[in-house]
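Colleague: So the protein lines, in turn, are chains Y and X. All residue numbers for the first sequence refer to the numbering used here, where the first residue is 1 and numbers rise by one. All residue numbers for the second sequence refer to the numbering used here, where the first residue is 1 and numbers rise by one.
Incorrect hints may appear among the rest.
Just a sample of chain X residues kept apart from chain Y, beta carbon distances all over 10 Å, derived [unchecked claim]:
{"#": "1", "residue": "ALA120"}
{"#": "2", "residue": "GLU392"}
{"#": "3", "residue": "ARG472"}
{"#": "4", "residue": "PRO614"}
{"#": "5", "residue": "SER713"}
{"#": "6", "residue": "PRO736"}
{"#": "7", "residue": "ALA782"}
Facing chain Y, a subset of chain X residues (Cβ under 7 Å, in silico) [what the hints assert, rightly or not]:
{"#": "8", "residue": "GLU123"}
{"#": "9", "residue": "ASP279"}
{"#": "10", "residue": "LEU444"}
{"#": "11", "residue": "VAL656"}
{"#": "12", "residue": "ARG659"}
{"#": "13", "residue": "GLN661"}
{"#": "14", "residue": "ARG663"}
{"#": "15", "residue": "SER701"}
{"#": "16", "residue": "LEU718"}
{"#": "17", "residue": "HIS723"}
{"#": "18", "residue": "ASP775"}
{"#": "19", "residue": "GLN776"}
{"#": "20", "residue": "ARG780"}
{"#": "21", "residue": "THR791"}
These aren't lab readings, by the way, just hints derived from the structure by calculation. Where a beta carbon is used, it is the ideal one built from N, C-alpha and C, also for glycine.
In case you want the letters, here they are:
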Amino acid sequence: MKPAPFEYIRAESVLQAQEWLAADPEARVIAGGQTLMPMLAMRLVRPTRVIDIAGIAGLDEIAVTAELVTFGAMVRQVTVERSAAVAQALPLLAKAIRYVGHPPTRRRGTIGGSVANADPAAEIALVAVTLGAEVLTTADGFSARDFFLAPMTTALPAGAMVTGLRFPRVTAARRGTGFAEVAMRQGDYAMAAAACELVLGAGGEVASLRIGIGGATPVPVLLDLAEPTREAIAAALAPLEMMHDPNAGAGYRRRAALALAMQALDEAQREVMA
Amino acid sequence: MTVQLQPPFRYVGHKRRVREDRRFVAGGGHFAADLVLAGMLHCAPVQSEHPAARIVGIDASAALALPGVHAVLTGAQLAAASEPLMNGANTPLVVRYPLAVGQVRYAGEWVAMVVAESRALAEDARELVRVEYEQLPFVTDGEAAIATDAPLVHPPHGSNVLLDRRFVWGPVAERFAAAPRKLAYRVRWARSSTVPLETFAVTAQWDASQDVLDVWASIQMPKFPDQIARSLRLPGNAVRVHYDVDVGGSYGVKRGIKHAVLVGHLARVLGRPVRLVEDRLENMTGGDMQGPERVFDVELAYDDDGRVHAMKMRALDNVGAYAGRSPFQLGKPIGAIVGPYAIEAVEYHALAVASNKTPQEAVRGFGQAPTNYALETGIDQVAAALGLDRLEVRRRNFIRADQFPYLIPSGTTYDSGNYHGLLEKTVAVADLFAERDALRAQGLLAGVGIAACLEPSGGNSSFEPLLNPANRTTTWMESCRLHVDGLGGITAAMHTTTSGQAHETLVSVAVAEVLEIPPERIRVIRPDSLASLPSNSPVGSRMAIMLGGAAVRAAQKLRAQLLAIAAHDLGVSPLELRYSEGDVHAADGRKLTWQELVVIAHREYFRLPLGMEPGLSASSIYMVPTGGALPKDDKVQMYPCHSFEFHYILVAMDRVLCRPQIRRYIIGHDCGQVISPDVVKGMTLGGIAHGIGAALLEEFSIDAQTGQPTAASFMDYLLPSAHEVPHVEIVHQTTPSPLTVFGQKGSGESGYLGSPAAIAGAINDALAPHGVRVDQLPMRPALLSDLLEGTHT
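Between the sequences and the hints, there should be enough to build the whole structure, so can you do that?
Modeller: Written as structure tokens, this is what we have:
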């Protein structure tokens with residue numbers, strides 16, 4: 001488990017990283033390294049150059065405004081986990097982040113790295129799709145729904161890099177969120193996960209209901225829901241392609257997705273009523 | 001006959017700090033990979049990409065051309081310079097070398113070894129080694145491998161069956177004919193293992209001026225130096241294994257003989273120290289460290305009261321591509337084949353089958369945990385068939401405390417036990433059935449799991465002559481040597497490696513108990529193999545009994561020597577003297593202190609009894625208490641001592657997600673007189689964690705279509721983490737063994753031997769109201785959910 005030889009370079013700015021990336025199609029960006037390092041060690045990837053973006057000033061900041069919450073690509077997952085501002089502005093992300101790996105991996109792992117990696121089981125990507133976040137890159141910005149194309153595959157153009165993730169901020173007073181997942185072990189890759197945000201209007205009517213599914217499907221999916229019922233969720237899940245592996249088949253994932261969506265919805269409903 | 005020391009004990013059984021903890025917790029361990037020698041070279045294996053193929057040719061020229069590459073050793077080269085590795089089974093045509101010779105037999109098998117200035121360079125170079133293969137048909141399933149048209153793993157052997165032994169102990173046919181009730185079932189134990197944090201590591205150096213091969217290795221292997229010497233055609237005293245290397249986990253698998261022979265050969269021919277440290281992928285695919293993989297077909301004959309009178313068991317073990325000692329893992333359970341139950345007659349069919357999978361190695365319990373799972377499944381099924389309480393069925397079948405010593409049909413006498421006592425004590429902790437019903441009322445699936453089983457301990461090798469009559473080895477000793485230096489300090493030597501079992505604590509407490517001197521004052525060392533007395537290494541849950549026994553014997557000899565010196569000096573009979581805390585007192589008030597006795601022994605020869613040798617030292621080479629008789633009439637006394645454990649657990653899970661959560665884990669444990677409470681507790685907790693892995697998570701799975709391993713790293717081979725291991729409530733009972741120095745029994749396998757059975761039982765109890773059951777491990781959530789849904793295929 002020693003990587004094949006590569007050149008390690010540390011970018012000072014996004015512009016510099018972008019230039020290096022554009023110059024060498026075999027170069028790879030490293031952020032927290034929680035996926036790339038094992039892949040390098042097992043020689044599953046063999047980049048010519050590894051461009052470290054950890055030293056780029058400003059890329060590790062969280063900006064919260066009245067309408068938006070913006071994460072730089074290098075924001076560590078542990079920073080999100082411990083941020084009071086995130087807990088207040090994006091409670092769904094605050095809940096989901098605790099399911100990302102384990103404390104030691106969250107200390108290194110980043111928001112941008114997780115998004116760029118596009119693991120179908122990734123909780124950050126699921127929340128991004130659920131809440132309609134925008135993936136910021138050195139090329140265009142992408143809606144999260146359009147960014148994730150397939151497992152480990154994104155719409156990121158060649159030579160570009162992810163620079164951040166931007167969430168719209170819901171300021172409604174009556175909001176509830178819920179997150180649930182099932183994995184073989186705590187902190188392991190989700191076999192299915194569900195994220196829910198429920199916003200009620202002034203009169204107690206449903207102003208907005210978002211339920212996203214991850215882990216079970218090749219990419220996170222925001223369900224198309226007319227109403228917050230089991231039947232509606234099941235109907236929305238029905239056309240979706242489910243993944244399968246030796247641990248869990250498609251049938252299990254579909255049932256689990258429904259059960260977890262109901263758990264997440266129930267949690268959000270209880271929260272909004274409280 | 002062992003004279004047993006009686007309580008109250010001064011140090012034995014008292015809670016004391018485990019001596020090794022400080023060094024391991026503070027990073028002071030000294031592991032094989034910590035050793036750095038001048039000029040040391042590094043290895044990386046070239047592994048087979050096919051489960052079966054003929055090796056047409058190996059072209060290493062490009063690799064050898066890389067600067068810093070010193071050698072690329074092939075199987076043919078090594079085979080020409082060495083003898084095959086030891087084969088325990090009676091299959092002379094199943095030949096095994098450290099590197100594949102002519103043919104590969106499993107995906108991941110080591111085909112060549114690259115040696116270079118650094119490990120990274122060796123990995124670069126191995127990518128340049130071109131191996132031309134001609135693919136052959138393969139078989140990975142154990143049952144498919146015994147079909148007449150199955151591809152042969154070893155064509156010269158003529159069959160894939162490596163061991164096929166049927167035993168009939170007692171009136172099996174009569175009991176089955178007479179029984180009013182019978183049931184038959186099948187259970188599967190998937191291939192899992194102990195997976196140590198430290199992979200296998202070995203460094204070897206050839207000292208050409210002395211003709212000695214020095215070996216530092218992460219091992220837990222009986223007869224390790226002998227095996228290296230035999231394979232490398234060296235005299236026994238030309239191999240020096242350094243036992244003072246710490247071992248970062250083993251529980252059976254750190255055998256490493258192929259690794260050591262390889263590296264020893266390379267060190268010799270290259271004239272440089274050579275190190276091999278497996279990475280995780282190499283360890284899991286080609287390190288030959290996977291455990292038993294079994295299909296059990298069992299029939300029970302029982303009566304309307306739930307009494308089981310006879311059992312027929314067929315155990316088919318898929319041992320992988322080579323034999324080694326793995327077929328013996330079907331033999332060890334013969335010593336506790338009826339578990340804690342008074343089953344009168346047993347038919348046992350042991351079938352070890354070769355396949356194109358990684359060879360199997362010893363794993364904690366040496367085959368006992370799978371057998372216990374099979375037996376406990378049957379006891380639960382008897383209860384279910386009769387509508388009886390599972391606890392009650394166990395009570396009715398347990399051997400009673402007044403029946404010990406108890407001879408089981410297969411020839412082993414159980415030393416002591418009180419199974420009813422521990423069951424009652426354990427179930428008194430909580431009413432898990434009521435807790436289960438409360439969980440069910442909340443809409444959860446919930447089940448109670450029960451497992452009662454034995455831990456045979458004080459390991460010997462009696463299964464070897466039983467399964468392979470050509471093997472007449474029954475001696476299985478352990479040794480300890482004590483030395484008191486000229487300043488009065490005590491040093492105890494043990495003569496094997498230690499892999500986390502706290503042997504230094506064991507030896508110091510045992511010696512301290514006899515000499516009445518605080519354990520902290522006793523240094524425990526592990527000299528190299530050339531400076532050692534015979535040992536058989538810490539296998540078979542034996543060291544508390546065997547090393548503890550040797551340490552006590554040696555200490556008793558030393559104490560007798562001190563008394564003899566004092567008696568001579570004081571002019572009285574030793575019988576008139578009293579030994580107390582190192583000093584010797586005469587009835588008239590005179591005394592000789594420890595320091596005075598040391599001075600006499602070391603410096604004042606004129607005060608020594610006539611003919612006594614100077615200095616203070618003693619040693620013991622201790623044999624397994626029940627001795628070493630050869631098998632007779634297909635029966636043998638296996639291990640001498642039998643610890644008992646009773647698992648009583650509560651599992652809950654969601655109806656759809658089906659991820660089992662262990663809500664309560666209560667275990668009753670009886671290993672006789674406990675020597676070091678914290679060590680026993682650690683063994684039990686670790687054993688339960690290990691069992692959770694086997695029951696729920698761990699499997700060295702393989703793609704049947706391609707023969708490729710699909711769990712070759714921690715990404716896919718799922719070990720339980722701290723999150724998956726529950727709080728464990730331990731209930732103690734002490735039923736001393738009459739055979740051992742303190743009444744102790746073994747505990748190195750505790751927890752693991754019954755936890756998979758208990759977890760499986762709990763899950764089946766949770767599933768039972770829904771009309772489904774599962775009889776294979778690991779019990780993955782999707783499997784359970786699919787069964788409930790009726791969609792499992």
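Colleague: Take the hints in turn and mark each one as holding or not.
Modeller: Right, here's what the structure says about each hint:
Non-interface call for ALA120 (chain X) relative to chain Y: violated, since the shortest CB-CB distance, roughly 4 Å, does not exceed 10 Å. Distance to chain Y confirms GLU392 (chain X) as a non-interface residue, since its nearest Cβ pair spans about 35 Å, more than 10 Å. Once the 10 Å rule is applied to beta carbons, ARG472 (chain X) is consistent with being away from chain Y; the minimum gap is 44 Å. Remark: the non-interface label on PRO614 (chain X) is consistent with the geometry, its nearest Cβ contact in chain Y lying 55 Å away (cut-off 10 Å).
A Cβ of chain Y approaches the Cβ of SER713 (chain X) within 10 Å, the least distance being about 7 Å, so the stated non-interface status is violated. For PRO736 (chain X), the condition that its CB be more than 10 Å from all CB atoms of chain Y holds, with the nearest at approximately 40 Å. At roughly 4 Å, the least C-beta separation between ALA782 (chain X) and chain Y is not larger than 10 Å, which violates its mark as non-interface. A distance limit of 7 Å between C-beta atoms decides the matter here; for GLU123 (chain X) the minimum to chain Y is near 5 Å, and the interface restraint holds.
The beta carbon of ASP279 (chain X) is positioned within 7 Å of a beta carbon in chain Y (closest approach about 4 Å), and the interface hint is therefore held. For LEU444 (chain X), the shortest C-beta to C-beta distance to chain Y is roughly 13 Å, which exceeds 7 Å, and the interface hint is violated. Residue-level restraint check for VAL656 (chain X) holds (minimum Cβ-Cβ distance to chain Y is 4 Å; threshold 7 Å). Hint status for ARG659 (chain X): holds, given a least beta-carbon distance of 6 Å to chain Y, under 7 Å.
The beta carbon of GLN661 (chain X) comes no nearer than 10 Å to any beta carbon in chain Y, farther than 7 Å, and the hint placing it at the interface is violated. At its closest, the beta carbon of ARG663 (chain X) sits 15 Å from a beta carbon of chain Y; the interface hint therefore is violated under the 7 Å criterion. Satisfaction of the interface hint for SER701 (chain X) is found here, the shortest Cβ-Cβ separation to chain Y being roughly 6 Å, below the 7 Å cut-off. Taken as an interface hint, LEU718 (chain X) checks out: its beta carbon lies about 5 Å from the nearest beta carbon of chain Y, inside 7 Å.
With a cut of 7 Å, the hint placing HIS723 (chain X) at the interface with chain Y holds, because the nearest CB-to-CB distance is about 4 Å. Here the hint on ASP775 (chain X) is broken, as its CB sits about 19 Å from the closest CB of chain Y, past 7 Å. Given hint, GLN776 (chain X) at the interface with chain Y, is violated; its Cβ is 14 Å from that chain's nearest Cβ, farther than 7 Å. The criterion of a C-beta within 7 Å of any C-beta in chain Y is met by ARG780 (chain X), whose closest approach is roughly 6 Å, and the hint holds.
Evaluation of the THR791 (chain X) hint against chain Y yields a held restraint, the C-beta minimum of about 5 Å falling below 7 Å.
Consistency with the previously given hints fails for numbers 1, 5, 7, 10, 13, 14, 18, 19, ordered from lowest to highest.
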